[in-house]
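Student: The primary structure of each chain is shown beneath.
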Amino acid sequence: MTFFQNPEFGDRIITLMAALVLVLQIAAVGQRWLVSSIRIFAVQSFLLATIAGVIAYFNHASHIYVVAFLTLFLKAVLLPWLLEGLVERIGIRREIEPLINAPLSILIAGCLTLVGYVVAESFYHPEETSVRAALGHNTLGVAIALFLIGFFTMLNRRKALSQVMGLLSLENGLFLAAISLTYGMPLIVELGIFFDVLVAVMVLGILAFRIREAFDSMDVSKLRKLRE
Amino acid sequence: MTGLLAKAGLQLVLLLLVAPLFSGIIKTLKARLQTRRGPGVLQSYRDIFKLLHKGMVIPETASWIFSATPYIVFVTAALVGLMIPMTTTDAPLSLFGGVLAVVYLLALGRFFLALGGLDAGSSFGGLGSSREMTISAIAEPAMMLAIFTVALAASSTNLSEMAKVAVSQSWKFLAPSQMLAFAALFIVLIAETGRIPVDNPATHLELTMIHEAMILEYSGPYLALLEWGASIKQLVLMTLVVNTFFPFGLSSDWTARGLGLGLIFYLTKMLLLLCLIVLVETTNAKLRLFRVPELLMISFIFGALALISTFLF
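Top to bottom, those sequences are chains A and B. Going by the working numbering, 52 is the number at position 52 of the first sequence; the sequence numbering is gapless. Going by the working numbering, 223 is the number at position 223 of the second sequence; the sequence numbering is gapless.
Just chain A, with the same shape it has in the complex:
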C-alpha cells in the first residue's frame, strides 16, 4: 500500500482532522450546555491525538507517539472525566450567560478564524521549506484560530468553569501549533505542559467549587464584591 506512505495523503488527513477540530470549536462557541462543551473538548483532543499519531507515523518519530498517547489519555479521557465530575458536583449543567449573544459570538469566532488564516499565511514560505516540512502546514491557521477563539471564549463567559473550557481550547491551539510546526517539542517540554494543564484544571476546578460555595454562583464578576 503505497497509499499510506504518500506524505501528501498524510497531509490531507491532518488538514482534514484540523478542519474538524475547527468546526467543533466554532460549534462550541454557540454551545449553551457545559457538559456538551466538555464533550466537544474531548472529541477535539482525540482528533489532536490522531494528528500527532499521523505526524509521528510519517516522520518516523517515536517520541511523538508518546505525545499522542499522552494527549489521548490525559486530554481526551482524564480531563473530561474530571470536569464532568466537577459539573456533577456543582450541579450546574447549564451555562446561560455569555456576555455577547450566540449568533454574534459565532460571527466573531468566524472573523477570528479568518485572522488566524491570514496570520498563518505570512509564515508559509513554500520555496524555503523541504517537502517533509510541508506536512501539515495548513494546520497553523487552524491552530492560531483555536488560540484566538479560546481567548475569546474566556473573555465572553462569566462562569468560572466555562472560562476553564476556554483555557483548554487555547491550550489545544498551542499544542496543534507546536506539533505542526516543530514535529514535536522535546518530550520533557511536552510532559511539563501536560502536567501544567492537569494541575491548572484541578486547581481551577477547586477554585470554581469554592467560588460556588462562597457566592452561590460561579459568576466570576461577583468576585468584585471581595473589596472592602
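Do not take every clue at face value.
[Claimed, not checked] So the derived list for chain A, only partly shown, Cβ under 10 Å to chain B, looks like this:
| id | residue |
| --- | --- |
| 1 | A76 |
| 2 | N101 |
| 3 | A102 |
| 4 | I106 |
| 5 | A109 |
| 6 | Y117 |
Hints listed in this document are in silico derivations from the structure and should not be mistaken for laboratory results. Bear in mind that the values here come from a model prediction, so they are computed numbers and not experimental data. All C-beta atoms in this analysis are idealised placements derived from N, C-alpha and C, irrespective of residue type, glycine included.
Got chain A sorted already, so can you dock chain B onto it with the hints?
Tutor: Positioned in the frame of chain A, the structure of chain B alone reads:
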C-alpha cells in the same frame, strides 16, 4: 433524444419509488432507537396510496393557488431530482441547469407551499408559512455558500461536472473547505427537511410545527402529493450532500453494470447518512423557534468560512 428520455425516465422512477422508502426507514429506525416498535418500512407507501384514494375538503376561501401548490411542489422536487447525479455522474437534466437552478427550483416549491398555507385562510397556515420563510431566509444563503465551495473546487456550477471532478480526484477532494461546507450543508439539510432540532415532522402541536402547519388544510390526493413531494425533496437534498462530498462509487456511464454498482454504493451511502440523521434526531431536543436562527447562523458561518478558505489554501 430517446436516450435522454430513457435516462430521465429511469432516474424519475428511482426517485419516485425510493423517496417514500427512505422516509419509512427514518421513521422505523427512530422508533427502534426509542425502543418502540414503530411503523413498518413500507408505511409511507401505504399512507400515500390510501390518501390518493380519499376524497378531499377544500376551504371555501381557497383560490387556484391552493390547488396548484401540491402539483408545483411535487414537480419542482422531481425536476431537481433529475438534475442531481444519483447513481451515475451524468444526471439526465444536467444540461438544463446547475446548482442555481436546483436551489431556486426548491425555492419555487417552498414559495408556493408558503402561499398555499396562507391561501387556505386558517391562522395556523399563515403561522407555518411565516416560520418557513424565516428559516429559509438564512438556510438558503448558507446552502448556496456551501455548494459554491464545491463548485469552486470543481470550477463548474454544473452538478454533473462537479461529480466528475470529484470522482476523478478521489481522496484528494478531502480538503478542509469541503469539511466546513459539509458541516454547513448538513445543518441546512436538517432545516430544509424539517427534522428535529428545527422542526418535528411527527407532531401536530401548534406551538412547534412549521411544515405541518402549512399543509394542515390539505387532505386526500393533495396531501398525498405534498407528502410525496416532501419525501422526494428530502431524498434530493440527501443525495446532493452524499454525492458532492462522498462521490465514491458513482459510475461514469449508463451501462447496466455501472448502474448496478452505482446503485449499491448509492444506497449504502444514503443509509449511512440516514443513520446519522436519525442519531441527531434522537439525541437532540427540538430547539425553541427563536434559537433556530442561531443554528442556521452557525451553518452560514461554516459556509462562509468554507468559501473563504478555498482562496486561502
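Student: If a hint holds in the structure, say so; if it doesn't, say that too.
Tutor: So, going through the hints one by one against the coordinates:
no., hint, result
1, A76, "violated, 20 Å"
2, N101, "holds, 8 Å"
3, A102, "holds, 5 Å"
4, I106, "holds, 5 Å"
5, A109, "holds, 7 Å"
6, Y117, "holds, 5 Å"
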